[in-house]
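Next come the chains, spelled out residue by residue.
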Amino acid sequence: MITEPTSKYLSNTVQSIKPSGIRRFFDLASSMENVISLGVGEPDFVTPWNVIEASYHSLEQGYTAYTANAGLFELRKEISRYMKRRFGVTYSAEDEMVVTVGASQAIDIALRAVLNPGEEVIVVEPSFVSYAPTVTLAGGVPVPVNTYSEDDFKLQPEQIEAAITDKTKVLMLCSPNNPTGTVLSKGDLERIAEVVEKHDLLVISDEIYAELTYDEPYTSFPAVKNMRDRTILISGFSKAFAMTGWRLGFACGPKAILQAMLKIHQYTMMCAPTMAQHAALEALVNGQKDVVKMKESYRQRRSLVIHALEEMGLSCHVPGGAFYVFPSIEKTGLSSEEFAEQLLMKEQVAVVPGSVFGESGEGHVRCSYATSVQKLEEAMRRIDRFLQTL
Amino acid sequence: MNSTERELLQLIEKNGRLETGTIAKLMGITEDETKQILEKLEKEKVILGYSAIIDWTKGTEDGAVTAMIDVKVTPKRGVGFDKVAERIYRFPEVKAVYLMSGVYDLSVSIEGKTMAEVGRFVSEKLSTIDSVISTTTHFILKKYKHDGLVFSDNDEDKRIVVSP
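These protein sequence lines map, in sequence, to chains A and B. One point on numbering: in numbering that gives the first Met the number 0, the residue at position 100 of the first sequence is 99, and numbering is uninterrupted. One point on numbering: in numbering that gives the first Met the number 0, the residue at position 57 of the second sequence is 56, and numbering is uninterrupted.
Note that these hints are calculated values from the structure, not bench results. Be a bit skeptical, because a hint or two may be false.
[To be verified] Derived DSSO-like pairs (lysine-lysine); straight-line CA-CA distance at most 27 Å:
| # | chain 1 | residue 1 | chain 2 | residue 2 |
| --- | --- | --- | --- | --- |
| 1 | B | Lys157 | B | Lys144 |
| 2 | B | Lys144 | A | Lys292 |
| 3 | A | Lys294 | B | Lys124 |
| 4 | B | Lys112 | A | Lys288 |
| 5 | B | Lys157 | A | Lys345 |
| 6 | B | Lys141 | A | Lys288 |
| 7 | B | Lys75 | B | Lys34 |
| 8 | A | Lys294 | B | Lys34 |
| 9 | A | Lys292 | B | Lys71 |
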């Protein structure tokens with residue numbers, strides 16, 4: 000907690016937010032040597048060269064000024080084509096999308112655009128660490144709904160119903176999910192859509208990992224019948240195109256909502272970085288082959304890690320997407336934090352304790368397999384050795 | 000070639016030292032199946048061999064010199080390009096021979112200990128072959144990238160160790 004005298008100037012809202020549990024692990028792992036990290040939430044690939052080169056070129060040509068608030072029109076047109084081609088949803092480049100500083104900013108302005116003080120947002124946990132704090136910062140109240148390994152961490156429609164009050168406004172979905180890797184099938188989404196429609200909810204669907212699914216064709220939530228006009232779709236370039244550091248995302252949705260989001264965006268951000276927008280344009284026009292290659296490599300490594308976990312007797316559902324596995328460590332008798340800390344100290348392998356992703360993440364750890372095969376195999380040997388010592 | 004075979008080939012093309020067990024796990028097939036596919040592809044000469052890509056400029060004083068030689072050839076009746084190529088590639092100094100489109104016919108890559116050694120090979124062996132009309136020798140000064148691998152040390156993981 001902050002105890003310096005100047006802390007009296009801080010807002011109550013900010014003071015009420017706990018620092019992310021990931022922070023402590025980052026500090027601990029950074030201080031050690033010879034660490035193999037399975038704690039990284041981003042691709043291990045460097046951005047494809049043609050994308051980097053396109054950004055260079057834009058700088059050489061002098062594209063260093065602001066773009067339109069909503070983003071380069073060329074880029075928006077390309078996003079529109081991409082969404083149609085890949086996911087079968089249609090958005091107008093003119094007034095139904097905004098290019099943002101990462102998907103994170105898109106989530107922030109989406110929540111700020113729709114929430115009145117005290118309105119509730121259902122957050123499906125285990126979840127990406129930012130959702131609940133972002134809801135709080137937007138004046139809303141996050142209402143966690145837990146999912147469990149026996150359901151493969153899939154949200155059950157009756158759980159939504161049980162969480163609904165007269166203040167519920169938004170359901171936040173994330174498929175494929177960080178940290179569980181769970182993908183909601185078309186059928187799952189249709190069942191969720193029924194409840195959404197019945198209770199007149201708005202959905203913020205974070206589909207940043209949509210390109211990275213390995214078993215069945217992906218269904219985008221706005222592609223489900225009647226859902227397009229009650230969904231804000233969040234996506235970006237970070238995961239599929241290995242562009243995390245470029246900080247470029249986008250949101251698409253019905254005009255009234257997107258125009259409200261754009262209002263916040265223009266006053267607080269002006270526009271996303273121009274050179275990153277030029278890079279993203281190249282990624283959409285010529286990057287699909289790289290996405291396919293990277294995805295293939297993740298799929299292979301998923302298989303490797305699932306096998307290894309099975310062999311050492313850690314139970315784990317097969318995650319359909321993203322690049323995370325979320326095995327149960329309950330049989331060790333340790334809490335997820337104890338497990339992660341001891342594993343780091345004894346064997347120098349960093350994983351992220353499931354508890355940082357919400358209450359129902361307890362008993363699990365998140366391991367990212369976006370790391371070289373050699374390092375993954377070594378990490379698995381070390382984890383196995385660690386389990387023998389318990 | 001089916002998609003499983005293609006996937007396996009792509010894996011070992013990138014890393015020929017992958018163990019059979021690892022290949023099996025990456026592909027989600029059994030180790031026995033992996034061995035069978037490998038044996039089949041070796042028998043069919045789809046896989047011709049396994050080699051390492053080495054930066055000989057490191058840790059050795061007696062480095063090597065590589066030259067790429069453009070060779071013009073007159074194919075004679077009954078002795079097509081293939082026969083001339085064979086006379087050239089049989090020499091152990093020759094690392095690669097390709098038939099090219101364009102202004103010359105064969106591209107020959109030679110490795111020797113010194114420039115003089117390569118020069119001797121060109122003047123005494125290569126240019127004296129009957130069908131060879133001319134040779135143009137280019138010495139390689141520095142290798143930046145070879146067979147898809149970059150010859151530099153700048154490939155460490157630049158990500159922070161833990162992130163959400």
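Hints versus structure:
no.	hint	verdict
1	Lys157(B) - Lys144(B)	holds, 21 Å
2	Lys144(B) - Lys292(A)	holds, 20 Å
3	Lys294(A) - Lys124(B)	violated, 50 Å
4	Lys112(B) - Lys288(A)	violated, 41 Å
5	Lys157(B) - Lys345(A)	holds, 24 Å
6	Lys141(B) - Lys288(A)	violated, 31 Å
7	Lys75(B) - Lys34(B)	violated, 45 Å
8	Lys294(A) - Lys34(B)	holds, 25 Å
9	Lys292(A) - Lys71(B)	violated, 40 Å
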